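Undergrad: With chain A held as given, fit chain B onto it using these hints.
This is what each chain is made of:
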Amino acid sequence: MTTGPLSMRLCHLYPDHLNIYADRGNIAVCQRRLEWRGLSLEVVEVGLGDPIPADCHLYYLGGGQDRDQALVAEDLERKADPLRQAAEDGAVVLGVCGGYQLLGRGYAGSDGRRLPGIGLLDVETTAGAGRLVGDVVLDATLSGQTRTVVGYENHAGRTHLGPGCTPLGRLRRGHGNNGEDGCEGAVAGHSVGTYMHGPLLPKNPWLADTLLGWALAHAGHTERLAPLDDQLEKSAHAAAAARAGKKR
Amino acid sequence: MGMPSLPRGLAAGAARGAGRLSQRLGRGGGTTLPGLLLNLLRPESTAEMARSIPGGVILLSGTNGKTTTARLVRAVLDASGTKVAANTAGANLERGVATALLNADGAEVALFEVDEAALPALTAQTRPRAVTLMNLFRDQLDRYGELEHLAHRWREAVSALDPSAVLIYNADDPVVTEVASGHPNTLSYGLEDPRVGRDRLPHAADATECRRCTAPLRYDMVTIAHLGRWSCPACGWTRPVPDVRAIRVDLHGLDGQRLAIATPRGPIELSLRLPGMHNSYNAIAATATASAFALAPESIGPALAKREAAFGRAERTHIGAVRVTTLLAKNPAGANENIRTMLLEDRPLHLLALLNDRTADGRDVSWIWDVDYELLLDGDRLASLTVGGDRAYDMALRFRYAGFDPERLSIIPSVPEALDAALRAGSAVGDIYVLPTYTALLELQAELASRGLAPSFWEDR
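As given, the protein sequences belong to chains A and B, one line each in that order.
For the first sequence, our numbering assigns the number 1 to the initial residue and increments by one for each residue that follows.
For the second sequence, our numbering assigns the number 1 to the initial residue and increments by one for each residue that follows.
Some hints could be false.
If you anchor each label on the Cβ, the simulated ranges turn out as follows [as the list claims (entries may be wrong)]:
1. Leu375/B x Gly49/A: 26 to 36 Å
2. Gly220/A x Arg200/B: 29 to 39 Å
3. Asp420/B x Glu35/A: 28 to 38 Å
4. Gly81/B x Gly49/A: 52 to 62 Å
5. Thr141/A x Ala360/B: 48 to 58 Å
6. Glu407/B x Gly49/A: 41 to 51 Å
7. Pro240/B x Thr126/A: 38 to 48 Å
8. Asp229/A x Ala360/B: 26 to 36 Å
9. Asp229/A x Glu148/B: 20 to 30 Å
Just so you have them, the derived chain B footprint on chain A, three or more residues with Cβ under 8 Å [said to hold, decoys possible]:
10. 9-22
11. 27-34
12. 65-78
13. 198-207
Pulled a few chain B residues facing chain A out of the computed Cβ check, cut under 8 Å [what the hints assert, rightly or not]:
14. Ser366
15. Asp378
16. Arg391
17. Arg400
Keep in mind that the hints were calculated from the coordinates and are not lab data.
All of these numbers come straight from a predicted model, not from anything done at the bench.
Backbone N, C-alpha and C fix where the C-beta goes; we use that ideal spot for every residue, glycine too.
Isolated chain A, as found in the complex (with noise of 0.2 Å):
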């Protein structure tokens, strides 16, 4: 499907055991909407145990049961260096989910086990009692511009920032980080954390488009995203945003 110059890589990491939340379909929005502009993607899977390149443009790590999240855990931490010198160098990282905890410092578990996280994100995740579910609707703040954002959580970690990260914005429905200080995600550089998926970016053009721009721009691309047509992704996002914490 790709046609002329490749204009980004996208490093999709464990997509065989981070995809409990349909993270295929943040995968597919990038894909699609740079197609639709005449640009292409190339998209590189990473699995256990295969190093991770240092040239792509952007970094995808999706949810993933405990079970799968520990065994990427430590995986992940001993291959990370190509991802850390990546962000440092501007590519975007993002996390959703289980890999929003993967990018923090660590994850202390219920059972006093605590998982490795490898610092993107200056956050700190322990596990809570009982799990965080439902609706999310969220005032998020990128590259100085505010929009809403809709999407779905569910997870059991409870997330606090330390002082190198900003929230990704300030929820109007749902619990965010930890259920207490109306916070949702963290944002370091181009490195960006959330627990919504639903999946994130269908519903969320803005946000697809803002972490493309910053990819592209990494890339080399100079030129402005051209506007496409949004109708669909804005009535999706609307529905979402009327369903969300109304009793059915």
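TA: Relative to the frame of chain A, chain B by itself:
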């Protein structure tokens, strides 16, 4: 919980009365309310009523196929002249089982489909004579949590079983096989025809690692999601050779299939009016369950052959000149099988996809991104697409990102109006296919009933 238990007769009387009242007030069929009340008034009722069934209790559980398989087992028991008490489709929590037991006067055997999460409690209460464990797939993550969590609870349920109880299980599912491995009295089933298998796992298959040593499993054949002929190359743990095996599977589109099944008591040739490989599994699950009850092979085939589809499971009705085929699609494994089954049809497909996000559907609609709708777009098989339900726009987006032209898409949240639009689109070929989630299926059935076309679901048996 502090409240004293009411005497047996009084509790049962009150619960029955509440059910009749509910029906009279038009609040539904009373398939769960009496049981709910009974469990409150006298918590030990389920255990007491279960003990009084002379031939014992059979429980069936799994993510997909419970309702259909229970109907198939019921057909075999009916044909053998056994008087059976059963719960109605969907009433598969503790209250639904209690309601069915309340109405079980004179039954020789009780047969219940049981929600995956309710299995441990119902196993403890009913002390079943047989339990059939069918599969565990990714489903309603907001409600059930992770598959591992359910597997763990099933393991506890199995360890609490009476050693003499028969545990019937799907050997093609490594999760279920591991759950069953501690029990002394088992009967396994599986699918053996390599012609219907695939050579690689679909997207988002869960549990593809060895349950004993965590190495990736090797599959000689994949059937549905993570089901198939698996083995661990690292520690040698291998799918057991099933006691009941479908050795030949001939799928005939939506019309049904022919199966050749080997059982310890002899072979069965079977013509089934239910389509798709998921129903091949349901048929061998039913065959295994029936043969655990020493029912003769020659009586099983004819009984299963007569069974039509359960409520909304490849069910067919006519609206005017248009044939409407309804295929309940509530999780990725089930929806993928429906799509594969539709693709066996040799005609353009007019599709109505209905997505709700109510409690019984799962409120998280992420799962539609794990379904391989792309298969419908390969070869341009989709002639028209109408999407409806509370989350119609999410479904529309799913197809847009699959590559379907949004200009060709009708988005109509109202289920009755979406149905009419799909009927108009499909009128030229005289056929439409509906993929609803659970509560969308209930809405659809209510709409058909209001047009005088189908019975209400609580009459479904």
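Undergrad: Can you take a look at whether the region 198-207 of chain A is actually covered by chain B? Rule is 3+ residues, C-beta closer than 8 Å.
TA: holds (count 4)
Undergrad: Could you tell me whether the CB distance from aspartate 229/A to alanine 360/B stays inside 26 to 36 Å?
TA: 35 Å, holds
Undergrad: Three residues minimum, CB to CB under 8 Å: does the region 27-34 of chain A make the cut for coverage by chain B? Let me know.
TA: It holds: at least three residues are needed, and the region 27-34 of chain A offers 3 whose Cβ sits within less than 8 Å of chain B.
Undergrad: For threonine 141/A and alanine 360/B, compare the CB-CB distance with the range 48 to 58 Å and indicate the outcome.
TA: Taking Cβ atoms as reference, threonine 141/A and alanine 360/B lie about 37 Å apart, which means the hint is violated.
Undergrad: Given a cut of 8 Å on the nearest C-beta pair, is the interface hint for arginine 391/B held or broken against chain A?
TA: Constraint on arginine 391/B satisfied, holds at 7 Å.
Undergrad: Between the beta carbons of glycine 220/A and arginine 200/B, is the distance compatible with 29 to 39 Å?
TA: 36 Å, holds
Undergrad: Does the nearest C-beta of chain A fall within a distance shorter than 8 Å of the C-beta of arginine 400/B?
TA: Hint on arginine 400/B: holds, closest Cβ of chain A at ~6 Å, below 8 Å.
Undergrad: Is the gap between the beta carbons of proline 240/B and threonine 126/A within 38 to 48 Å?
TA: Check passed, 41 Å falls within 38 to 48 Å.
Undergrad: 26 to 36 Å was suggested as the range; check whether the CB atoms of leucine 375/B and glycine 49/A agree with it.
TA: 30 Å, holds
Undergrad: Take a look at whether the Cβ-Cβ distance between glycine 81/B and glycine 49/A falls inside 52 to 62 Å.
TA: 59 Å, holds
Undergrad: Would you settle whether the hint for serine 366/B is holds or violated, based on the nearest Cβ-Cβ distance to chain A being less than 8 Å?
TA: Result: holds, 4 Å to nearest chain A Cβ.
Undergrad: Counting residues of the region 65-78 of chain A with a beta carbon closer than 8 Å to any beta carbon of chain B, are there 3 or more?
TA: Since 4 is at least three, the answer is holds.
In summary, the structure is inconsistent with hints 5, 9, 15 from the numbered list given earlier, while agreeing with the others.
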